[in-house]
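As they're listed, the protein sequences go chains S and V. Using my numbering, the first residue of the first sequence is number 1, and each one after it goes up by one. Using my numbering, the first residue of the second sequence is number 1001, and each one after it goes up by one.
Treat the hints as calculated values from the structure; they're not laboratory data. It cannot be assumed that every hint is accurate.
[What the hints assert, rightly or not] Below, a list of computed lysine to aspartate or glutamate pairs in the DMTMM-like style, where the Cα atoms sit at most 25 Å apart: (1) V:K1133 with S:E40; (2) V:K1286 with S:E57; (3) V:K1291 with S:E61; (4) V:K1184 with S:D72; (5) V:K1184 with S:E61; (6) V:K1294 with S:E61; (7) V:K1307 with S:E57; (8) S:K166 with V:E1140; (9) V:K1291 with V:D1550; (10) V:K1354 with V:D1510; (11) V:K1182 with S:D135; (12) S:K69 with V:D1117; (13) V:K1294 with S:D80; (14) V:K1307 with S:E40; (15) V:K1286 with S:D56.
So the chains spell out like this:
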Amino acid sequence: MESGRLILSMLVNNESGVLTRISGLFARRGFNIDSLSVGETQNPRVSRVTIQAAGDEYVREQIVHQLEKLHDVLVVVPMDLTQTVVRELLLVKVRAAPDTRGQVLDAVTVFRAKVIDLTPTTMTMELTGEMSKLDAFIAFLTPLGIIEVCRTGVTAIGRGEYMLTKNEEE
Amino acid sequence: MKLTGAQILMEIFREHGVDTVFGYPGGTVLNIYDEIFKASDWLKHVLTCHEQGAAHAADGYARATGKTGVVLATSGPGATNLVTGIATAFLDSTPMVAITGNVACPLLGRDSFQEVDITGITMPITKHNYMVKDVTRLAETLRCAFSIAASGRPGPVLVDIPKDVQVAACEFTPQAEGCMPKPKALNADALKRATALITEAKRPFIYAGGGVVSAGAGAELVTLAETIGAPIGASMMGLSAVPNDHPLFLGMTGMHGRYAAIKALHRSDLIIAVGTRFSDRATGNKQEFSKDHKVLHIDIDPAEIGKNIPAYVALVADVKLALSALNAAGFKSSGPEWMAEVQALKSAPDNHLKMDESVLNPEQVLKAVNRRLPPDSPVATDVGQHQMWVSQYYSFLKPRTFITSGGLGTMGFGMGAAIGACIGTGLKKTVLITSDGSFHMNMNELATAVANRLPLIVLVLNNSVLGMVRQWQTMFFDKRYASTTLNRPTDYCLLAQAFGAKGLRLETLDKLDTVLDKAFSLSGPVVVDVRINRDEMVLPMIPPNGTVQDMILRG
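The following block holds chain S by itself, in its conformation from the complex (with noise of 0.2 Å):
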């Protein structure tokens, strides 16, 4: 396993209180969330957290151990990063009068963002991608007056046939 970023899949019930048993875990035990995702599933019983955290190996090792003793966790997979797709949803406001417009747009195309609100002020985009694209879009259009950043955190999926299941064994 390669050290620094480590993305955790788990599937979860998907009852109250999930999420606090999971956050309180990573902090009583001192572990770091950097980033963090949910979702129901095909099955709405189930929901699935995606978990961005850095640690060492250590750190990694007793992460996975840890959640897999939460009862609620069904499974707790650490991704494949060479094999598993990464994606996070980026909403920015920034300000857009007519005389910035055109560099705002140009960011647009290049990044292939979409405009999703135009004021007379202010110009609303998203963008999907991995983490550092949605960082270079941001850092790109700082100097331009950024209102509002919204962040949904990664999501990831494994690529071809993979399928995270509760079965799963390692």
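Got chain S sorted already, so can you dock chain V onto it with the hints?
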């Protein structure tokens, strides 16, 4: 059959063989208590003085019997009073089910009278917890709770039941006792590597933890030790795992461990760690601990592998299963050299430190108790110097006879735990070794012992100080005794009498046998005020984060 939530709870108790519940009534558990009243022909309820005592009693019951302890409390303060007891059980992996009432569902989240978010509060100190808002899910949830508490690495589970769920009724289908998840099979590859590791070892050392006690694997452990020629050391939680008079048993390891056990562990080339989590109190400096030997770690909880000490090879499995598999592999003995070295350590003078024998000292008192108490009787302790002295000087011969708070180190644990252990073992003569500091924390439960006419002897090792903290102040704080000198003229004999118990005083060495004989001859609860020297220390001692080189043998 249509039953109310409270009735379903009784049925689930019956399904799981629960014969005793420790608890304290209150507004939101009235319906449950009404059913307990009706179930009195098969279910015993033990009313304590405080919910903390009830939680410790359920814990002590579980430790002494191996069965799941059950505690019941009302909402709000009743529930929060359980917290220390639940955390104690969690840290020592005791199977426990805690049932709390809560305000009715429509009142939840409105800061109603005696409402508290007990599932939120106990999330980090339970294996799992539940709030049941729908009576149709109650039976299934309670069955899960009992299964989770007792399976794998045991631990406490809390089920919070709002009052209206206790009253609501639904169809109930009885089941045979809940099916426990089967223990996972051993990983064949890991077993092969473990076998190779043991075969190669020239100086193997077996380090037994509380997991050996909870798995009931003492016999398998002794077989392995005898086959491969390995001395056995134990963590405090593992002390009752094997008969302490076994020739290969060296005693406790760790901060206040026995000289021979610490030295042998240090000299070994392979530590076979069984059912243990390598607490900092047991290892001292972790880097130094890991040097010069390989670790074969056997534990049921995969999260313990490598958490504190890196494992060279790990067997994640039920300890009994793993040890049986290793025993089946067949080994040769490590050889006479290692055994000779271990023998030399055992007979070294440093392995037989003596306290001042001209005055009454804890060692003499504990050995005198040891001579009188049958080997299958529970010995409970509180936390502090007296606990370490019991760990060092008491010879445990049967598993589950040492009832003590290890991981959390809960002063005030002893009274409740002793009550639970005494009741759990069918009213065996039970001894609580405590101290004036710890006893003052929860001595109210003496009333519970009296009310239940328990054959309980409470030995208060009374040195008028908070001895363990004072010892640290002596050693590491230049004798600045901040808040550890107890200016309390408590008369333990009068106190015992006030509770309806008997009180005795032991002040001098020459009275040791007469007073203890008297204490053992009395039937109900007895409190013995044992006066010991305030400067008596627990030795040897390896200072926190220290190594075997830092071992202090003399004060």
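Hints broken by the structure, by number, lowest first? 11, 13, 14
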